[in-house]
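**Q** For reference, the chains in residue letters:
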Amino acid sequence: MLRLEGLDKTYATGDRALKAVDLEVSKGQVLALIGPSGAGKSTLIRCVNRLVEPTGGKAYLDDVELTTLSSAALRRERRRMGMIFQEYALVERLTVMENVLSGRLGYVGFWRSFLRRFPQSDVDEAYRLLDRVGLLHMADKRADELSGGQRQRVGICRALIQNPALLLVDEPTASLDPKTSREIMRLIVEMCRERGLAAIINIHDVALAQMFVERVVGLELGALVFDGTPDELTPDVLTRIYGEEDWEATIEKVDEDDNEASQ
Amino acid sequence: MTGPSVSELDTIIGNSWKKPAFIKRTWLRWGLLIGALIYLVLAINSVEVNWHRVWEGLDRGARFVAAFARPDFVTRWTDISAGMLESIIMTIASSVVGIAISIPIGLGAARNISPLPVYLVCRGIVAISRALQEIIVAILLVAIFGFGPLAGFLTLSFATIGFLSKLLAEDIEAMDKVQAEAIRASGARWWQWINYGVQPQVMPRLIGLSMYRLDINFRESAILGLVGAGGIGATLNTAFDRYEYDTAAAILIIIIVIVMGLEYLSGIIRARVQ
Numbered sequence: 001m002l003r004l005e006g007l008d009k010t011y012a013t014g015d016r017a018l019k020a021v022d023l024e025v026s027k028g029q030v031l032a033l034i035g036p037s038g039a040g041k042s043t044l045i046r047c048v049n050r051l052v053e054p055t056g057g058k059a060y061l062d063d064v065e066l067t068t069l070s071s072a073a074l075r076r077e078r079r080r081m082g083m084i085f086q087e088y089a090l091v092e093r094l095t096v097m098e099n100v101l102s103g104r105l106g107y108v109g110f111w112r113s114f115l116r117r118f119p120q121s122d123v124d125e126a127y128r129l130l131d132r133v134g135l136l137h138m139a140d141k142r143a144d145e146l147s148g149g150q151r152q153r154v155g156i157c158r159a160l161i162q163n164p165a166l167l168l169v170d171e172p173t174a175s176l177d178p179k180t181s182r183e184i185m186r187l188i189v190e191m192c193r194e195r196g197l198a199a200i201i202n203i204h205d206v207a208l209a210q211m212f213v214e215r216v217v218g219l220e221l222g223a224l225v226f227d228g229t230p231d232e233l234t235p236d237v238l239t240r241i242y243g244e245e246d247w248e249a250t251i252e253k254v255d256e257d258d259n260e261a262s263q
Numbered sequence: 264m265t266g267p268s269v270s271e272l273d274t275i276i277g278n279s280w281k282k283p284a285f286i287k288r289t290w291l292r293w294g295l296l297i298g299a300l301i302y303l304v305l306a307i308n309s310v311e312v313n314w315h316r317v318w319e320g321l322d323r324g325a326r327f328v329a330a331f332a333r334p335d336f337v338t339r340w341t342d343i344s345a346g347m348l349e350s351i352i353m354t355i356a357s358s359v360v361g362i363a364i365s366i367p368i369g370l371g372a373a374r375n376i377s378p379l380p381v382y383l384v385c386r387g388i389v390a391i392s393r394a395l396q397e398i399i400v401a402i403l404l405v406a407i408f409g410f411g412p413l414a415g416f417l418t419l420s421f422a423t424i425g426f427l428s429k430l431l432a433e434d435i436e437a438m439d440k441v442q443a444e445a446i447r448a449s450g451a452r453w454w455q456w457i458n459y460g461v462q463p464q465v466m467p468r469l470i471g472l473s474m475y476r477l478d479i480n481f482r483e484s485a486i487l488g489l490v491g492a493g494g495i496g497a498t499l500n501t502a503f504d505r506y507e508y509d510t511a512a513a514i515l516i517i518i519i520v521i522v523m524g525l526e527y528l529s530g531i532i533r534a535r536v537q
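For the protein sequence lines, the chains are A and B, in the order given. Per our numbering: the first sequence = residues 1 to 263. Per our numbering: the second sequence = residues 264 to 537.
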């Protein structure tokens, strides 16, 4: 459903952030993208919805080639790609409801959105999503009154109300505590399963990635160096992605977590 | 690995620490400082003060200040109230028109949301508006439109554009990029993006600046009368020309009260929109 062919990005500064990345994500597949800071994880997902313009290669969403779209066609395709951000990226001075409904901006006209007169079906769906993440009572609070975990739930609602086929998730748990991190990851993965969404989740917490996803892709210096199941993440593989370090503890911890989760 | 770093540490331990100087070359640093002092002394000496004139003037100044103790609101009240009303109308009209024009120009003058040609045109407008001082614009406009509040209104509108567009553009340039990015990622149109991603971030500052500009426009309207552009300034000027310091004092007191009132109001409004 998403296919990247030789996707390349060289920034104006000359840094080559992506080196001919080939990647295929099938419908409903949740994929974790791991790699050290600066490996190009953020750049990769931003090149898919062209918040960052790729400088080479192609990206297909189903049969639509994304990299050459006109701005109007790009806006239409962006509606099918929900994005969840590091540090939530809610518009802080808008209410929770406005933030969720902003996910519908691609579907409603300017005046409707300007006057905050969204179609009833959108409003109902926003309430349903907020209820699903346990924040219905916060609907009219301002976004900056919420805690980190609550904000990220609102961010998830905003992405889902787009009715996307694909989620692009950028470090959803950075700056959240360990428990909230798991809750957020669990929520994202559950939502993807319920709705049959594919997702690319950038994450630097390897243990957390192993706990929740079926496929892990490793990026190092802009190139794919690993593609496999969570079980295949051996100390050797982690050394290849991140460099030399004692990885046994990381992996052992995962086993304990798994046991704990299955109890 | 720890070996060499320990020996590096050994060589500097016991040294005192000072913040690195902004200008590294010692002779340049002291040269600039001494040069600035010499300039200051020469500059002060070049100002000629006629102490005899100052002595006479002190008396006149004292009369001026004394007039504040017994301001005369009554004798020229019709002139004062007419001038004040004209000033208030000029202030409000020019602020509303100026702010309305400033917003699109401010959007255009923000480099992070506008294409380069639009940016250059808008920055050009801002630069022209800021380069031309109010009094100069007012003299020109009085020459074109004749004496009266129309020239004052146009002058203040023009000045508002330079002030507000520039500061609004700078606030937009300093906004949180990610919040705006999140709105763009949803497939929003440009105007929706501005309305949802940019406007909420800059609104408190825009309201604060608008209130401040209203305040400035009112004070400026008192000056513009001096060059014939209408408002309370004309009345004030006449009062000075006739040495009616008590009437002038009354006018100044009214201006001070109104400015304080605006300051109080803007405090309340800014606290509410934060």
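Honestly, the hints are just simulated from the structure, not real lab data. Here the structure is a predicted model, which means the values were calculated and not measured. Take the hints with a grain of salt, since some may be wrong.
Stated by the list, open to error - Residues from chain A that face chain B, not an exhaustive set, calculated with beta carbons under 10 angstroms:
#	residue
1	Leu51
2	Thr55
3	Gly57
4	Tyr60
5	Arg78
6	Arg79
7	Gln86
8	Ser102
9	Trp247
To be verified - Chain A stretches covered by chain B per the calculated footprint, using a threshold of three residues with CB under 8 angstroms from any CB of chain B:
#	stretch
10	89-98
11	108-120
All residues carry an ideal CB built from backbone N, CA and C; glycine is no exception.
**Q** Min Cβ distance, A:Thr55 to chain B: is it shorter than 10 angstroms?
**A** violated (19 angstroms)
**Q** Using C-beta distances, would you say chain B covers the stretch 108-120 of chain A, given that this needs three or more residues below 8 angstroms?
**A** Coverage by chain B holds for the stretch 108-120 of chain A (3 residues, Cβ < 8 angstroms).
**Q** Verify the interface restraint on A:Trp247: the C-beta must sit less than 10 angstroms from at least one C-beta of chain B.
**A** Violated, about 21 angstroms.
**Q** Holds or violated: is there a CB of chain B closer than 10 angstroms to the CB of A:Leu51?
**A** holds (6 angstroms)
**Q** Check, residue by residue, whether the stretch 89-98 of chain A contains three or more positions whose beta-carbon lies closer than 8 angstroms to a beta-carbon of chain B, and give the verdict.
**A** holds (count 7)
**Q** When the nearest CB of chain B is found for A:Gly57, is that gap smaller than 10 angstroms?
**A** With a minimum Cβ separation of about 20 angstroms from chain B (threshold 10 angstroms), the hint on A:Gly57 is violated.
**Q** Please check whether A:Arg78 passes as an interface residue: C-beta within 10 angstroms of a C-beta belonging to chain B.
**A** This hint holds: A:Arg78 lies near chain B, its Cβ roughly 4 angstroms from the closest one there, short of 10 angstroms.
**Q** Just to be careful: measuring from the Cβ of A:Ser102 to every Cβ in chain B, is the smallest value less than 10 angstroms?
**A** holds (5 angstroms)
**Q** Given A:Gln86 as an interface hint, is its Cβ closer than 10 angstroms to any Cβ of chain B?
**A** holds (8 angstroms)
**Q** Does the nearest C-beta of chain B fall within a distance shorter than 10 angstroms of the C-beta of A:Arg79?
**A** holds (4 angstroms)
**Q** Interface hint check: A:Tyr60, Cβ to nearest Cβ on chain B, cutoff 10 angstroms. Holds or violated?
**A** violated (18 angstroms)
Hints 2, 3, 4, 9, counting from the list given before, are not met by this structure.
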